[in-house]
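Spelled out from the first residue to the last, the chains are:
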Amino acid sequence: MIQIQKTRRVEALTGNYAAAYAVKAADVDVIAVYPITPQTTIVEKLSEFVANGELNAELIHVESEHSALSAVVGASAAGARVFTATSSQGLELAHEILHIASAMRLPIVMAVPTRAISAPISIHNDYGDVMNARDTGWVIYIAASAQEVYDTIIQAYRVAETVNLPAMVAYDGFLISHTVEPVELNNEEEVRRFLPRSVRPYTLNPKRPVTMGPLASPDWYYEFKYQQVLAMKEAYKVVKDVDALYGEKFGRSYGVVETYKMEDAEYAIVTYGGAAFGNAKAAADIARERGIAAGVVRVRLYRPFPTMDVLKVLEGVKALAVLDRAIMFGSPAEGPLYKDIATAMFMHGVDKPAANVIHGIGQRTMYVEDMYKIYTMLRENPRKEVVFMGVRV
Amino acid sequence: MSLPKATELPIGAVIPEPGSTRRNLTAGWRTLRPVIHDDRCIRCQLCWLYCPEGTIVERKGVFQVGNRTYDVKYEIVYDYCKGCGICANECPTKAIEMVPETP
Amino acid sequence: MKVYFRTLKDLPREELFAPGHRMCAGCGAAIAMRWITKTIGPNAIIANATGCVEVTTTPYPETAWMHPYIHVAFENAAAVASGVEAAIKTLKRKGMWDAGDTKVVVIAGDGGTYDIGLQSLSGMLERRHGVLYILYDNEAYMNTGIQRSGSTPKYAWTTTTPVGTAVRGKIQWKKDIMGIVMAHRVPYAATASIAYILDMVNKIKTALEYTEEGPTFLHIYAPCVPGWRYPENKTVEIARLAVETGYFPLYEWDHGKLRLNPPSNNHLDKTKRKPLKEFLKLQGRFAHLTDEEIAELEEELDAYWQYLAKLQTL
Chain F
-16 MIQIQKTRRV
-6 EALTGNYAAA
4 YAVKAADVDV
14 IAVYPITPQT
24 TIVEKLSEFV
34 ANGELNAELI
44 HVESEHSALS
54 AVVGASAAGA
64 RVFTATSSQG
74 LELAHEILHI
84 ASAMRLPIVM
94 AVPTRAISAP
104 ISIHNDYGDV
114 MNARDTGWVI
124 YIAASAQEVY
134 DTIIQAYRVA
144 ETVNLPAMVA
154 YDGFLISHTV
164 EPVELNNEEE
174 VRRFLPRSVR
184 PYTLNPKRPV
194 TMGPLASPDW
204 YYEFKYQQVL
214 AMKEAYKVVK
224 DVDALYGEKF
234 GRSYGVVETY
244 KMEDAEYAIV
254 TYGGAAFGNA
264 KAAADIARER
274 GIAAGVVRVR
284 LYRPFPTMDV
294 LKVLEGVKAL
304 AVLDRAIMFG
314 SPAEGPLYKD
324 IATAMFMHGV
334 DKPAANVIHG
344 IGQRTMYVED
354 MYKIYTMLRE
364 NPRKEVVFMG
374 VRV
Chain R
1330 MSLPKATELP
1340 IGAVIPEPGS
1350 TRRNLTAGWR
1360 TLRPVIHDDR
1370 CIRCQLCWLY
1380 CPEGTIVERK
1390 GVFQVGNRTY
1400 DVKYEIVYDY
1410 CKGCGICANE
1420 CPTKAIEMVP
1430 ETP
Chain U
13 MKVYFRTLKD
23 LPREELFAPG
33 HRMCAGCGAA
43 IAMRWITKTI
53 GPNAIIANAT
63 GCVEVTTTPY
73 PETAWMHPYI
83 HVAFENAAAV
93 ASGVEAAIKT
103 LKRKGMWDAG
113 DTKVVVIAGD
123 GGTYDIGLQS
133 LSGMLERRHG
143 VLYILYDNEA
153 YMNTGIQRSG
163 STPKYAWTTT
173 TPVGTAVRGK
183 IQWKKDIMGI
193 VMAHRVPYAA
203 TASIAYILDM
213 VNKIKTALEY
223 TEEGPTFLHI
233 YAPCVPGWRY
243 PENKTVEIAR
253 LAVETGYFPL
263 YEWDHGKLRL
273 NPPSNNHLDK
283 TKRKPLKEFL
293 KLQGRFAHLT
303 DEEIAELEEE
313 LDAYWQYLAK
323 LQTL
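Chains as they are written, first to last, in this note's numbering: chain F, -16 to 376; chain R, 1330 to 1432; chain U, 13 to 326.
Chain F extracted, bound-state conformation (with noise of 0.2 angstroms):
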């Protein structure tokens, strides 16, 4: 008999664990398990809630990523409420499938604590994998506490199954994944009613017998791509509208941009993850004790880009640094959250002066004084242009 956790508790986990904790509650049906690190404690807390009877799902342990989120796709095709999780070379070495996965718009749910790429080989944070994956179809949240984790994957499964897209959830690696804070678990029946299994357009059954991943000519192919481009449209509404429904339910919710001691700021870091949310809060409270109008932006959910919503918290900002952990090489500008915020900027007629710098490569620590001095830099100097912060050049 599965044993159903019955009433909210808090308990001390990780991000990882926090995440294991979110798939149980959601009664997921299959789970593909492949190790790499930082993800791996995910799916080992998963191989001991269904040893132990608290999960009733099968697990599939591939012999790689690229099976493992094939084995996702297969059992979703089914019919089947999916998890897998990977990062880094296990992102990279999937990423052929996570074009088909979005394409064939199956709500595959996969956790990504995020994770640098080779070469040369790094176990350390940073935003390399994922950002790689950015432009694959899938709904990309990036959450910054492990709290945040729980939540957003319950959240993800339902805006998976409603806009039948698969989603991602990213998170620091090590930093995150790895780290304690206090969880508050939701009574697993509640997540349960609220994550009702949808009738899906089409599955794998012998009784409605359909054709799934045919060869599409010139005279179709576009079509199907403009289907995902409309999906996305659709998603970015979907996901307010579950954010805000669970915050009733659940009594936390997100929005799709967080900020700190934006209403007044003249000065703003935009960034994303926890470590560097988390350290140019500290570095804006500096600031601001220094008579600088300091704010800070996370943003939560990643694709579908919420556009207007970063606009307008940055409205009355004077300057603002974006801060990257990934770098795109030979770009205009290295970090890809810059190129999504100077687009939305130029395409909506905002001009102002915008500095790109880059940090916390590989786990490069990203000191409290080096944020600090993002924000002295706006003041005084303000410019459009990319910045590698925290490398011995």
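Hint data in this document are derived by calculation from the structure and do not stem from the laboratory. No experiment lies behind these values; they were computed from the predicted model shown. Don't be surprised by glycine CBs; every beta carbon is placed ideally from N, CA and C. Treat each hint with caution, since some may be false.
If you only want the chain R side, here are some residues facing chain U, beta carbon under 8 angstroms, derived [to be verified]: (1) Ile1340; (2) Pro1347; (3) Arg1352; (4) Ile1405; (5) Tyr1409; (6) Gly1412.
Got chain F; can you put chains R and U on it based on the hints?
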């Protein structure tokens, strides 16, 4: 002929109608057409067995062939026959003749 | 194998593979698909790897498949099937599967099995998913225009192993995929040829039944008209000669015991096999072979048969 719009198509490029290649007649592929000479056919079923298109059908009935009576007859549904000639090649009595397709 | 069909009259008549697909006239794989779909019956889900079969049978908006069917990518049909099988298992346990005892079948070509798909096949076999994996072997990457694969025989002409003065066709021997599958200790694995339909369908049905115990594997030999370079009416004849010359023996690996099936059960005695030349001479891809090269192929074939003879004693 205008093709359907993105919003009119099933999502994810799913094809919901099984066996819809039946709409596509492949008769135009062939240059040779198989003709079964029923009087030489001994109902061995090999042509039906081996046809790659599955376009040779078995008809039940009473068929008089010389002094023998059969309860089946094999007929080629020419809509899908690509003229490969496997049926003629395998026929043990050479009852199937490949004749040039007429335009 | 269990004998479900004794004579041709016992074979199912209902076609579960629609005509109108784009497979070549005389395609060996088409014959295989017709009989596979008939034999596995409607209550099965098919996972197909990229290849000739996939591309010619699913030209949007048409499909030749009457079964629930999924194609994802080239190297992962076994992984996809593992996911489908696990989903059915869990959904059944949770009372959410309404189609009864649904089987899962993989259909993949030699490219997608010997080479790029070997890893996911091995993983699926090791994890013991109840899936029937059917390999249709046309001995090259045919869909991309005849390039050599791990399954291509030695000296065969392909576009990436062309015949010239310096190199004469494929340099390496054909990989023994059955040996690899048997090493995974699966309940059942067998070879079949599209020329021997009764043998093939009985094996398909046996293999499908054995998926109750674990993964099963079928290696079906399917000649290719443009790839092997022969006139399109000779497909079945060549598939028959492959068996009669001992080049492609029909055998089963049934719960750890090797059994040669007729007519291959007579071919341990070399004199009972037709000369290999009879199989080779019909195919343009072997047209360049010298007598020495044919002798080399025959020697290798003899060695393979001695290996099979030893396996039979285990």
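Okay, the hints, checked on the actual structure:
Restraint check, Ile1340 (chain R) versus chain U: the minimum CB separation of about 13 angstroms is more than 8 angstroms; hint violated. Given hint, Pro1347 (chain R) at the interface with chain U, holds; its Cβ is 4 angstroms from that chain's nearest Cβ, closer than 8 angstroms. Because the beta carbon of Arg1352 (chain R) sits about 6 angstroms from the nearest beta carbon in chain U, less than 8 angstroms, this interface hint is met. Proximity of Ile1405 (chain R) to chain U is violated relative to the hint, the smallest CB-CB distance being about 12 angstroms (cut-off 8 angstroms).
A cut of 8 angstroms between beta carbons decides the hint on Tyr1409 (chain R): the least distance to chain U is about 4 angstroms, and the hint holds. Against a cut-off of 8 angstroms between C-beta atoms, the interface hint on Gly1412 (chain R) holds, since the closest Cβ of chain U lies about 6 angstroms away.
Checked against the numbered hints given earlier, this structure breaks hints 1, 4; the rest are met.
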